[in-house]
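Numbering of the sequence shown is given in the working numbering, commencing with residue 1461 and proceeding in unit increments.
Some hints here could point you the wrong way.
Said to hold, decoys possible - Label pairs and their computed distance ranges (CB to CB):
1) Val1615 <-> Glu1540: 39 to 45 Å
2) Phe1560 <-> Pro1621: 17 to 23 Å
3) Ala1616 <-> Ala1516: 33 to 39 Å
4) Arg1545 <-> Ala1622: 39 to 45 Å
5) His1625 <-> Pro1470: 37 to 43 Å
Think of the hints as simulated: they come from the structure by calculation, not from any bench. A virtual CB, placed ideally from N, CA and C, is assigned to each residue, including glycine.
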Amino acid sequence: MSQSTTGFEPRAQASYQVRFDQGVGGAQRISGGADVIVWVDVLADVPSPAVPELPAGPAVLEAGFVDAAAVAAWLLTEQERVGRRLYIAIVAAGDGGGAFAADDVLAAGAVVDALIDLGIDDTSPEAAVACGAFTSLRRAVRHLTGASGSGRAAVASGVDPAAVHAASGLDSSTSVRIVRAGAEAGVAGATA
1461 MSQSTTGFEP RAQASYQVRF DQGVGGAQRI SGGADVIVWV DVLADVPSPA VPELPAGPAV
1521 LEAGFVDAAA VAAWLLTEQE RVGRRLYIAI VAAGDGGGAF AADDVLAAGA VVDALIDLGI
1581 DDTSPEAAVA CGAFTSLRRA VRHLTGASGS GRAAVASGVD PAAVHAASGL DSSTSVRIVR
1641 AGAEAGVAGA TA
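Use the sequences and the hints to build the structure in full.
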């Protein structure tokens, strides 16, 4: 039976607490009703690109391998603070121009996996697939980050390979990078 509800967008994943997509278009697709967008860009601190213009309203956090567990812990604390289910849009940045970035998808999966470990496990199938990719390849993330198109492009542009390697250090930071507090009074801009 097909869904005929006016305005229903199946790719929005709106019925799930934890959603996943890629790029700015993906953020726009899954951020409706979200409290927080987690923008996952593993190499953001290496070539230093800015976070793109993301949909207004939700709080925005940046994440990667280095702070996946810290971001998940912040999200759980925020959910407890607001006293209700927190809706989370996890978005793999992609490699400029919307190209697939294996490192960002794996790191998004690391965030989903960390959320599941904390009991936030109402994930969309898309988020579950990203999580499954990460859990299956966890021991290879350093290699895959350096060997990915994003990693090779960073090195080709003059970035030290050691910086690319460091960006794949799983949970090597306890800091949370808050880019924007949520427009809704319920989601704070408190830093971790």
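(request) Tell me, in ascending order, the numbers of any earlier hints that this structure violates. (result) none
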